[in-house]
Amino acid sequence: VSYEPKIIAFLCTWCSYTGADTAGIARLKSPANIRAIRVPCSGRVSPEWIMRAFDQGADGVLVLGCHIGECHYDTGNHRAAKRIPVLQELLSYAGLEPERLRLDWVSASEGERFSKITTDFTETVRGLGPLRWRVDDVRRVSARGLIGNPGAVQKPATPLYDFPTERYQELTSQIRQAAQNLLQSGEVEFVIGYETSSRGRTRPVFIHKAEDVEKLVWNQDCTHNLSTYLTQKWGRPVPVAGKAQIEQPKVGVVVKACDSRSVNVMLAESRFTRDKVHLIGVVCDGIRQGASFDNHAEGPLQTRCLTCESCMPVLYDTLVGEPPSEKVTASPVKPAYGIDQLESMSSAERMDYWLAQFDRCIRCYACRQTCPVCACPTCLYDRDDSLWVGMGMGVNEKRTFHLGRAYHLAGRCIGCDECTRVCPMEIPVGLLSHKMSEEIFHRFGYRSGLEASSPPFLTMLQSQEVQP
Amino acid sequence: MERHPKLAPVETTSQGIYLAGACQSPKDIPDSVAQAGGAAAAALSLLDQGQIALDPTIAQNIPIYCAGCGQCVQACPYSAITLVDGFASVNAYLCKGCGTCAAACPNKAMTLIHFDDRQVVNEIIGALASQQPAVPGILNIQEVSV
Chain A
1 VSYEPKIIAF
11 LCTWCSYTGA
21 DTAGIARLKS
31 PANIRAIRVP
41 CSGRVSPEWI
51 MRAFDQGADG
61 VLVLGCHIGE
71 CHYDTGNHRA
81 AKRIPVLQEL
91 LSYAGLEPER
101 LRLDWVSASE
111 GERFSKITTD
121 FTETVRGLGP
131 LRWRVDDVRR
141 VSARGLIGNP
151 GAVQKPATPL
161 YDFPTERYQE
171 LTSQIRQAAQ
181 NLLQSGEVEF
191 VIGYETSSRG
201 RTRPVFIHKA
211 EDVEKLVWNQ
221 DCTHNLSTYL
231 TQKWGRPVPV
241 AGKAQIEQPK
251 VGVVVKACDS
261 RSVNVMLAES
271 RFTRDKVHLI
281 GVVCDGIRQG
291 ASFDNHAEGP
301 LQTRCLTCES
311 CMPVLYDTLV
321 GEPPSEKVTA
331 SPVKPAYGID
341 QLESMSSAER
351 MDYWLAQFDR
361 CIRCYACRQT
371 CPVCACPTCL
381 YDRDDSLWVG
391 MGMGVNEKRT
401 FHLGRAYHLA
411 GRCIGCDECT
421 RVCPMEIPVG
431 LLSHKMSEEI
441 FHRFGYRSGL
451 EASSPPFLTM
461 LQSQEVQP
Chain B
1 MERHPKLAPV
11 ETTSQGIYLA
21 GACQSPKDIP
31 DSVAQAGGAA
41 AAALSLLDQG
51 QIALDPTIAQ
61 NIPIYCAGCG
71 QCVQACPYSA
81 ITLVDGFASV
91 NAYLCKGCGT
101 CAAACPNKAM
111 TLIHFDDRQV
121 VNEIIGALAS
131 QQPAVPGILN
141 IQEVSV
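Taken in sequence, the protein lines are chains A and B.
The numbers in the numbering used here rise by one with no breaks, and the one at position 405 of the first sequence is 405.
The numbers in the numbering used here rise by one with no breaks, and the one at position 55 of the second sequence is 55.
No lab work stands behind these hints: they were computed from the structure.
Don't take each hint at face value.
[What the hints assert, rightly or not] Chain B side only, calculated, beta carbon under 8 Å to chain A, not exhaustive:
#, residue
1, LYS27
2, ILE29
3, PRO77
4, GLY97
5, ASN107
From the three backbone atoms N, C-alpha and C, an ideal C-beta is built for every residue, glycine too.
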């Protein structure tokens with residue numbers, strides 16, 4: 001039996017679905033491989049549907065909408081034109097051939113164009129052969145010899161860095177002073193900072209009383225992004241009709257440069273208002289890689305610090321430390337988190353690489369819990385109805401979770417890389433988000449978290465984008 | 001811009017807002033007056049009914065999943081969504097049912113009635129099922145392609 005690809009086509013009801021009808025009325029041939037799903041607008045096509053279709057065994061997904069400028073709903077197709085290429089880039093990075101997902105425009109009168117696009121797309125997918133995306137048997141991954149493989153991507157070699165330990169005493173006392181002022185004046189309910197545990201590790205601490213500020217420290221191991229507690233600590237009010245929202249307490253937080261950007265993302269997404277936080281911004285000297293008990297001045301810098309562009313917080317109420325007179329770059333090395341290495345691989349190699357990585361995932365969700373911008377009340381991938389992802393431990397489910405999360409973070413992730421750090425299975429989760437950030441920067445010149453006023457990027461349309 | 005150059009020349013894409021005169025394009029006084037008459041008649045036909053029949057296909061928010069991030073507010077072409085007490089709220093009169101908000105929602109708290117995620121995902125699953133139902137008269141794909 002010759003190979004017949006299965007193709008899901010999302011057709012916008014106003015243009016492409018009618019275009020398919022026009023093709024039929026004109027007796028033009030379209031391949032029987034196309035399984036049409038009618039949607040009101042190409043803007044309705046959720047990226048999660050496309051991922052679901054590939055998970056479910058589709059060999060290709062075609063999204064057809066009205067031509068740009070002709071959308072029945074004004075700008076629905078502009079959103080599709082923004083979202084779908086970003087998703088395509090993500091799936092391609094995870095090892096799917098990018099040709100298997102296509103976004104195109106067919107108007108109601110273009111029966112011939114519909115016939116041509118569907119035929120052309122079917123032939124393209126047929127040429128690529130059956131998709132190996134869905135792994136039906138988990139053992140197939142191990143048969144490929146991939147389980148336990150630490151992965152082909154080498155961590156960038158990080159030179160030893162001499163941390164300015166002599167400055168930490170000064171910074172620590174400044175943080176303590178700031179926290180004491182805040183707590184004594186009663187301006188904040190509590191302060192979130194770092195302390196040294198009894199075993200000598202640096203960990204987050206919540207200081208409620210002014211006499212406890214002596215616990216606060218600052219050193220090269222203050223890696224945690226404390227802004228994540230701003231949402232999780234406060235939680236979400238339970239919706240009760242006609243009842244006002246629960247009053248949020250004001251909180252003081254110690255933030256590094258990268259953490260302050262995630263505060264900006266939260267502000268843009270109205271998680272809280274600016275007057276509910278007092279940010280103690282720290283001029284950061286770089287953070288050491290790997291949890292450590294010793295206090296050596298030398299150590300490798302974290303990869304995020306190697307590509308860090310500014311040690312100054314973008315947002316703060318109290319600044320701790322001296323603002324640099326010139327731009328301080330920790331290291332000239334730009335390792336780009338191994339993105340380049342993965343991009344030089346073939347699609348099949350990339351898919352194998354990621355399957356081996358995701359196969360190790362134990363679905364502990366540490367990456368999601370530590371993420372400052374992952375703040376949905378019940379995660380889409382944590383629901384009991386298995387609509388988006390099953391509850392099993394198969395590699396398909398785990399990949400769906402990670403790719404879905406990476407897509408949701410596109411244009412929102414600020415690259416603090418905490419997800420990679422907390423992963424007990426050492427999966428480079430952050431690599432996906434970094435790739436998305438890079439992609440959005442290259443396409444649109446946008447970096448998340450630099451301004452509190454910028455709305456969620458993937459749904460935002462700038463005025464020049466709606467011009468036909 | 002008008003909703004349709006021939007079929008709805010005085011209506012905008014927002015229901016209840018009509019166009020007349022130079023706000024649309026340069027035109028002379030007789031044209032403006034004629035169009036204003038048309039707009040008034042269109043408005044009257046809406047008012048005269050006494051009640052408005054809404055499209056059943058509109059967006060709906062499920063507050064327990066809503067994170068209040070405001071992506072849907074940004075996505076809506078009709079400004080039909082606002083954040084009320086930290087949750088998205090759809091104005092049923094303004095919503096046209098394009099579903100862009102539902103696609104944008106990262107937690108799928110926003111759904112589009114009659115095109116909701118469960119329906120479409122089941123459609124995808126059904127369309128990709130390897131076993132074609134044995135219905136007389138319906139050919140499966142292998143039979144078609146021989």
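Practice prompt. Go through the numbered hints given earlier and state which of them the structure violates, listing their numbers in rising order.
Written response: As far as the earlier hints go, 1 and 2 are violated by this structure, in ascending order.
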